[in-house]
Amino acid sequence: MNVIDVHGLVKRFGDKTVVDHVTMTVAEGEIVGFLGPNGSGKTTTIRIMCGLLTPDEGEGTVLGFNIRTDSLRIKREVGYMTQKFSFYEDLTIGENLEFVARLYRLKPVSEHVARTLEELGLTSRRDQLAGTLSGGWKQRLALAACIMHKPKLLLLDEPTAGVDPKARREFWDEIHRLASGGLTVLVSTHYMDEAERCHRIGYISYGKMLASGTVEEVVRNAGLTTFVLQGPRLDRVADALQGSPGVDQVAPFGATLHVVGSDKKKLEAALADVEKEHKGVTVNPGETSLEDVFIQFMSGSKDNMAKDSKG
Amino acid sequence: MNAVFSFARLGALLIKEFIQMRRDRITFAMMLGVPLMQLVLFGFAINSDPKSLPTALVAMSNDQYTRAMVSALQMTGYYRFDYVAQSEAEAEALMAKGAVSFVVTIPADFAQRVERGDSPQILIEADATDPSAASGAISTLSKVASQALLRAQGMQAAAAENAKEQLQVIVHQRYNPEGISQYNIVPGLLGVILQMTMVMMTAMALTRETERGTMENLLAMPSSPAEIMLGKVLPFLVVGAVQVAVVLVAAKLLFGIPFVGSLTLLLSSVLVFVLSLVLLGYTISTMARSQMQAMQLTFFFFLPSLLLSGFMFPYRGMPGWAQVLGEIFPLTHFLRITRAVMLKGADFNAVAAEIGWLLVFVAVFAGTALLRFRRTLD
Ligand SMILES: Nc1ncnc2c1ncn2[C@@H]1O[C@H](COP(=O)(O)OP(=O)(O)O)[C@@H](O)[C@H]1O
Ligand SMILES: [Mg+2]
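Heads up: the sequence lines are chains A and B, in that order.
Taken in order, the first sequence gives residues 1 to 311; the numbers are from UniProt numbering.
Taken in order, the second sequence gives residues 1 to 378; the numbers are from UniProt numbering.
Please keep in mind that the hints were generated in silico from the structure rather than gathered at the bench.
For glycine and all other residues, C-beta sits at the position ideal for the given N, C-alpha and C.
Any given hint could be a false lead.
[Stated by the list, open to error] Some residues of chain B that are not near chain A, with every Cβ distance over 10 Å (derived):
#: 1; residue: Gly11
#: 2; residue: Ala12
#: 3; residue: Ile19
#: 4; residue: Arg289
[To be verified] Quick look at which bits of chain A chain B covers, simulated, 3 or more residues with Cβ under 8 Å:
#: 5; region: 48-60
#: 6; region: 74-87
#: 7; region: 248-255
Working from the sequences, and respecting the hints, build out all of it.
Below is the structure:
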C-alpha cells in the first residue's frame, strides 16, 4: 500500500489554478523530494495532503485515509512541518514541546519532552523563548516537535530554507536515519543537492507535475544533451553561442562552460566550428545535471505561461 | 482515544494560553489598567458633586415663608441665587442659554396656602443635560424644604403638621427625562469595561494565531474546533472575573456605591454576560483576517452598543426604533440587570427575562462561532 496516493488534485484560488491535476504516489519508507520554483504550488499540495485544504477536484488517500473525509485521522499520524516557523515564539522550547506532547496525548508528558530535548541537545536551553532561537535551531525544534508523536509520514515544507550547510547536512542525516526506521518522508526543497539525496523526486511548475522518478530517470527522460567546453576566454565563446539555434542553455561552471540543448543534432551543428574559431577551446560531451534539467523546465514553463496569456 | 473532544487536549490549549497571557504585557494592561483608568476617569465626573450652582429665583411674593425657603435652599450649598427673575419667561431664557442650572419658582399663593394648610407647592426646574451635576442638589431638596417650612412656622404647630405632610416640591428635570444619577454610572461602567476588553481581547487572540501562522500548525495537529474555541474562551472568562473584582472593589472603595442586591445573582449574571462577550469576540475573530480587522469590527460593534444600550443616553428617552435596536446588544440587558440588582436589590424573578436574553446571545454566538470556524485554511 502506498503511504501517499493522490491523483488529479486541483486547487484554485479565485480564477488562478494553483495545483493543476497533480498525481503522486509515495511508498512506505521512501524519501521523496518535491521540487519547483517559488509559487509553483508545493505548499498548497502538501496542505491538501494533510487535510488543511480541500481540493476542488481529485481524490486520494494518505496512510489509507481519505483526504477529504478523514482528515482528523490523517492529522494524528502525520507530522507536518510548515514552511514558516509556526510554533509559539512567546513560549519556551520546553513549553512548546509540552504543548505538542499534551495535544497528542503522549504520556507521561515530561518524559517525552525530556527525551526530545536530550536528542536535540537543547536540554540546557529548555527555558529559552523559542522566538530567540536562530533559524537552524528553530528548524531543529520544529522537526523534533513534528516527530515526537512518532508519525508514520513526515511532510516537510522547505525545511532547510535559510539554514547553513552544516546544519543542512545534519538535518538530512537525521531524515535518512528516520526513513531507515520505516518513516516515509515527503520534503519540498529548492536545493539540487538535497534533491540528489532523495530516493525519488517530483518536479512541479505552475501547478503542473512536469516530471517524477529517480534523479537518473528524470535526467534521462528530459532528453537533454550537454557539452562541456574548456579553454581560455570562455566568456567570448558564451556570448557567441548565446541564442544560436539548438543552444538552450549556456552556463559557466567553474572553469568550464556547459552548453545544453534538447535537439542533439542542432546542438552539435552549433558547436561544430567552436574549436576552430576559438583557439585552445575544447568541446567534449558531458553529463547532464539535474540543475540543467530544472533550468530547462523553468524556461519551458515560462513559454507555456506566455502561450496561455496570449490564447 | 479518538474522541472528538478530549479534556487532555483542551488542557494543553488552556495551559498554553495562560502562559502566553502571562507574558503578554498588553493583556495585563487591558485586564487591570483599562478598568482602573476608566473608573477613575468617569469617577471624577461622578465624584464632583458640584455646589453653588447658579440659580434663578422666581418669587411672586415676599413673605416670611418664601424668604425662609430661599435661605434654606441657599444653606444646602447647592443653590446660589444669582438671578431674581421677574417672570417665568425670563427665567426660562436664562436656563436655555445656560446661565443657570436651576429655576426655583415660589408661587404667589405660597404663604396663603401654608397658612390655610392647603398643600403649598414650590417648583424646581433643573437643567438635566448634565444630570449627574444636578442630582445631588435635587436629592436633598424635599427634606430641606420641609424643615425650613417647619422652622418658619415655629409656633403654629397645627399648620406646621399639615405643611409637613402636604408641602409639594415639584421637580421638573428639563431636557433629559430619565436623569441618570451618579450611582447609575458605575454599574453601567462595569458592563462597558467588560464589553470593551473582553470582546477585543478575544477577537485579537485568535486572529493573532492566524496572523503569526501558528494557526496552520494548530490545525495540522489533532485539535477539534470545540477544543480550540474553549481553549480561547475559558482563559478570558478568568480575565473577566479579575476585571469584575477590580471594578466592584474600586466602586465600593473609591465611590462608596451602595450595593443592596444579591452578590451571587450579580456574579452569575456577570458570568453569562462575559461568556456572551467572549463568544462574540471569538465570532469576530472567525471573520477577521488580521488583528487590525478584528479591532475595527470590535469598534463597529462597540460604539452603537454604547449609544443605544442606555449607558450614554437614557433608554426610555430614545425613539422607538432605537429602543428596538438597543435590544440586540447584550450590554442593554446587562445594564438593566446590574442596575436592578445593585441599586434596587432586585431578586432573580425580577431579572430572569434579561438573563434569559443573555443566554440567547450566548447560544447564538457560540453557534455562529462554531459554524464559522475554518477547520481548514481554505
Ligand atoms: N490562500 C491562498 N489564497 C490565494 N492564493 C494563494 C493562497 N495560498 C497560495 N496561493 C498562491 O498559490 C500559488 C502557489 O503557492 P504555494 O503553494 O505556496 O507555492 P510554493 O510552496 O511552491 O512556493 C502562489 O502563487 C500563491 O500566491
Ligand atoms: Mg511554499
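Hints versus structure:
no.	hint	in the structure
1	Gly11	6 Å, violated
2	Ala12	3 Å, violated
3	Ile19	6 Å, violated
4	Arg289	14 Å, holds
5	48-60	holds (count 5)
6	74-87	holds (count 9)
7	248-255	violated (count 0)
When each numbered hint is compared with the structure, violations occur for hints 1, 2, 3, 7.
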